[in-house]
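Fit chain G to the supplied structure of chain V, relying on the hints for placement.
Spelled out from the first residue to the last, the chains are:
Protein chains: 2
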Amino acid sequence: MATIKDVAKLAGVGIATVSRVINNSGYVKTETREKIEKAVKDLSFKPNEIARNMTLQKNDIVAFILPNSTHLFFGELLYSVEEELFKYGYKVMLCNSSEKIEKELVYLNMLRNKIVDAVILLTNNDVESYLDKSLPIISFDRRFTNVPFVASDNYGGGVLAANYLISKGCKKFMFIGDDAQGIHSHVMTEVSKRRVGFIETLEQHGFHDIINIEYPLGDYVVTKEMIKDLVKDYRDVDGIFTVSDAVAHSIVQIYEEMGKNVPNNVKVIGYDGGRSFLNFGKKITSINQDTNAIAIKIRQMIVNYRMQIPNVSQIVPVTISKGDTA
Amino acid sequence: MATIKDVAKLAGVGIATVSRVINNSGYVKTETREKIEKAVKDLSFKPNEIARNMTLQKNDIVAFILPNSTHLFFGELLYSVEEELFKYGYKVMLCNSSEKIEKELVYLNMLRNKIVDAVILLTNNDVESYLDKSLPIISFDRRFTNVPFVASDNYGGGVLAANYLISKGCKKFMFIGDDAQGIHSHVMTEVSKRRVGFIETLEQHGFHDIINIEYPLGDYVVTKEMIKDLVKDYRDVDGIFTVSDAVAHSIVQIYEEMGKNVPNNVKVIGYDGGRSFLNFGKKITSINQDTNAIAIKIRQMIVNYRMQIPNVSQIVPVTISKGDTA
Chain V
-2 MATIKDVAKL AGVGIATVSR VINNSGYVKT ETREKIEKAV KDLSFKPNEI
48 ARNMTLQKND IVAFILPNST HLFFGELLYS VEEELFKYGY KVMLCNSSEK
98 IEKELVYLNM LRNKIVDAVI LLTNNDVESY LDKSLPIISF DRRFTNVPFV
148 ASDNYGGGVL AANYLISKGC KKFMFIGDDA QGIHSHVMTE VSKRRVGFIE
198 TLEQHGFHDI INIEYPLGDY VVTKEMIKDL VKDYRDVDGI FTVSDAVAHS
248 IVQIYEEMGK NVPNNVKVIG YDGGRSFLNF GKKITSINQD TNAIAIKIRQ
298 MIVNYRMQIP NVSQIVPVTI SKGDTA
Chain G
-2 MATIKDVAKL AGVGIATVSR VINNSGYVKT ETREKIEKAV KDLSFKPNEI
48 ARNMTLQKND IVAFILPNST HLFFGELLYS VEEELFKYGY KVMLCNSSEK
98 IEKELVYLNM LRNKIVDAVI LLTNNDVESY LDKSLPIISF DRRFTNVPFV
148 ASDNYGGGVL AANYLISKGC KKFMFIGDDA QGIHSHVMTE VSKRRVGFIE
198 TLEQHGFHDI INIEYPLGDY VVTKEMIKDL VKDYRDVDGI FTVSDAVAHS
248 IVQIYEEMGK NVPNNVKVIG YDGGRSFLNF GKKITSINQD TNAIAIKIRQ
298 MIVNYRMQIP NVSQIVPVTI SKGDTA
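Residue numbers (this note's numbering), protein chains in the order written: chain V, -2 to 323; chain G, -2 to 323.
Mixed in with the good hints there might be a few duds.
[Stated by the list, open to error] Facing chain G, a subset of chain V residues (Cβ under 10 Å, in silico):
{"hint": "1", "residue": "A60"}
{"hint": "2", "residue": "N65"}
{"hint": "3", "residue": "S66"}
{"hint": "4", "residue": "T67"}
{"hint": "5", "residue": "G72"}
{"hint": "6", "residue": "E73"}
{"hint": "7", "residue": "L75"}
{"hint": "8", "residue": "E79"}
{"hint": "9", "residue": "E80"}
{"hint": "10", "residue": "F83"}
{"hint": "11", "residue": "M90"}
{"hint": "12", "residue": "S95"}
{"hint": "13", "residue": "I98"}
{"hint": "14", "residue": "L102"}
{"hint": "15", "residue": "I112"}
{"hint": "16", "residue": "S318"}
[Unchecked claim] Restraint-style ranges between C-beta atoms, simulated for each label pair:
{"hint": "17", "chain 1": "G", "residue 1": "Y127", "chain 2": "V", "residue 2": "M223", "range": "27 to 37 Å"}
{"hint": "18", "chain 1": "G", "residue 1": "E96", "chain 2": "V", "residue 2": "S95", "range": "26 to 36 Å"}
{"hint": "19", "chain 1": "V", "residue 1": "Y127", "chain 2": "G", "residue 2": "N160", "range": "47 to 57 Å"}
{"hint": "20", "chain 1": "V", "residue 1": "N261", "chain 2": "G", "residue 2": "K165", "range": "32 to 42 Å"}
{"hint": "21", "chain 1": "G", "residue 1": "V309", "chain 2": "V", "residue 2": "K221", "range": "36 to 46 Å"}
{"hint": "22", "chain 1": "V", "residue 1": "N110", "chain 2": "G", "residue 2": "K225", "range": "46 to 56 Å"}
{"hint": "23", "chain 1": "G", "residue 1": "K2", "chain 2": "V", "residue 2": "S95", "range": "32 to 42 Å"}
{"hint": "24", "chain 1": "V", "residue 1": "M255", "chain 2": "G", "residue 2": "V309", "range": "50 to 60 Å"}
{"hint": "25", "chain 1": "G", "residue 1": "K229", "chain 2": "V", "residue 2": "K169", "range": "34 to 44 Å"}
{"hint": "26", "chain 1": "G", "residue 1": "D206", "chain 2": "V", "residue 2": "K84", "range": "44 to 54 Å"}
These aren't lab readings, by the way, just hints derived from the structure by calculation. Cβ coordinates follow ideal geometry from the N, Cα and C atoms, glycine included.
Same shape as in the complex, but just chain V (with noise of 0.2 Å):
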């Protein structure tokens, strides 16, 4: 059977390159990309399933380490990475770090240690300095060096959300999300894309007295309480976007408690789009982290390393999901 390198060797280029191609990630120039799909055919490669048969009868386990699985963005997302490793062999030990460091270093230890074979991470704390960048590590949503990360679109997200409610003809906004690049100042995070797309594209459209309300990083139970006091003097406001489904499902009941209605007098976006969401009210208007689409990247990335094909960077598409809000 026909490897990535005999395909890489009938192209003539270097392996990373075909693994672009075949991954469908980072540019590749129009010609080689041709000549590499030629040596696909004509070696009959069939990537994944080289992936699967080098590692279905393994027991390789990928440590998920993330803050709190209970959080329902976090939880689905742990949900779609066990069932897209499994299928790959791999088996997924999960890490609920609660921010605390020193669990998270214990599973970076048994990486170190070879008691597991990848460490996925989702993490707010700076743990750059612990890193081995030389062994298989993949970050969720944030940025440290030389580590390729996975991220939906989060820029997109805000871009898409600012356009709808333009279009519905909002006219006073406001972005309400967690302190991204405060508190946790030395992780670089993807997350805080999301306000910077939202206002910018606002601005682009002539909007330039945006609300931006910034609640402490890290508290993944937002309470209602805890944003009421933070909105309650902004009633003229009638387009929101939010970091999170969770924080929308809030507003949506602020709002609604000042005599407004949502969506007729003010519109509220969230952000993520879970399915847990189904049965809770209003269903939120959101935009949509696809959880199946980032554990494929994810897979594709450990993957990757298995068969030591360089790894870049992944940033997943988002979609808007209209619901009863906005």
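Chain G alone, transformed into the frame defined by chain V:
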């Protein structure tokens, strides 16, 4: 350092009896208990410390098989189990079975092959014949022969709900839950006792015309539409107990859409009492399953297996938490 065997020898009893006293589980005669407590004191026996010393530096892996970790209660149980086991040196491997027996068997085989050290099993499949009873298996909420289980006091929860609704003056009652002993008739589940405890208590108080609604088991995302058709003919009901908080949320919406005020016209009690519900609409009055207490029982049983102390099944008490719906 004294061992549990030393304690048993000094007290003139068996190891299992010492274990019952240490874990405060199961009946032990007062006289025997006092002998054991004296031996524990005389030998300065510290059971938790021993367990810790035995396991803290290890990387023992416990596989947790459950249908779907995005189910709110299962997700919280997973979180509590991971937190509790980590303190004792155990790492949790997650298996979202999606009810597929093939996937469950992969992890049960890993137990046979010593890749994992214990399995926590939450299943609706009849895996009885696949279980090697000589290995460390703990069932949650389901009964298999010669496999110890942990469950919350489902019957007691039904009693609590019935008494609460009676005390609030309700006259016409409904239970809504899954058909827990219908479709999966080979698996004895503890969950069906919620219904039994509720109905038996009402009958003891002279209420006999109780509406009993069943939807198919295993639909972990029960939509409002599914339930609406089942309950729409019961406008005169004024006291409802449901099998989960998620279903309770839907019921509240359905009855409010029928023009009923919750809790003034109709009172609704859910089950689970999860933190995840803090933010969404009316806070559900609920029977709380204490996931931390359940996790401690599971951890004790896993440590017992390691120490070759016989395990007995454990029922964890429930409480009622007052919300906005009853």
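Results of checking the hints against the structure:
no.: 1; hint: A60; verdict: holds (8 Å)
no.: 2; hint: N65; verdict: holds (7 Å)
no.: 3; hint: S66; verdict: holds (5 Å)
no.: 4; hint: T67; verdict: holds (5 Å)
no.: 5; hint: G72; verdict: holds (5 Å)
no.: 6; hint: E73; verdict: holds (5 Å)
no.: 7; hint: L75; verdict: holds (6 Å)
no.: 8; hint: E79; verdict: holds (5 Å)
no.: 9; hint: E80; verdict: holds (6 Å)
no.: 10; hint: F83; verdict: holds (7 Å)
no.: 11; hint: M90; verdict: holds (5 Å)
no.: 12; hint: S95; verdict: holds (8 Å)
no.: 13; hint: I98; verdict: violated (14 Å)
no.: 14; hint: L102; verdict: violated (13 Å)
no.: 15; hint: I112; verdict: holds (5 Å)
no.: 16; hint: S318; verdict: violated (16 Å)
no.: 17; hint: G/Y127 <-> V/M223: 27 to 37 Å; verdict: violated (48 Å)
no.: 18; hint: G/E96 <-> V/S95: 26 to 36 Å; verdict: holds (30 Å)
no.: 19; hint: V/Y127 <-> G/N160: 47 to 57 Å; verdict: holds (54 Å)
no.: 20; hint: V/N261 <-> G/K165: 32 to 42 Å; verdict: holds (36 Å)
no.: 21; hint: G/V309 <-> V/K221: 36 to 46 Å; verdict: holds (43 Å)
no.: 22; hint: V/N110 <-> G/K225: 46 to 56 Å; verdict: holds (54 Å)
no.: 23; hint: G/K2 <-> V/S95: 32 to 42 Å; verdict: holds (37 Å)
no.: 24; hint: V/M255 <-> G/V309: 50 to 60 Å; verdict: holds (55 Å)
no.: 25; hint: G/K229 <-> V/K169: 34 to 44 Å; verdict: holds (41 Å)
no.: 26; hint: G/D206 <-> V/K84: 44 to 54 Å; verdict: holds (51 Å)
Of the numbered hints stated above, those contradicted by the structure are hints 13, 14, 16, 17, listed in ascending order.
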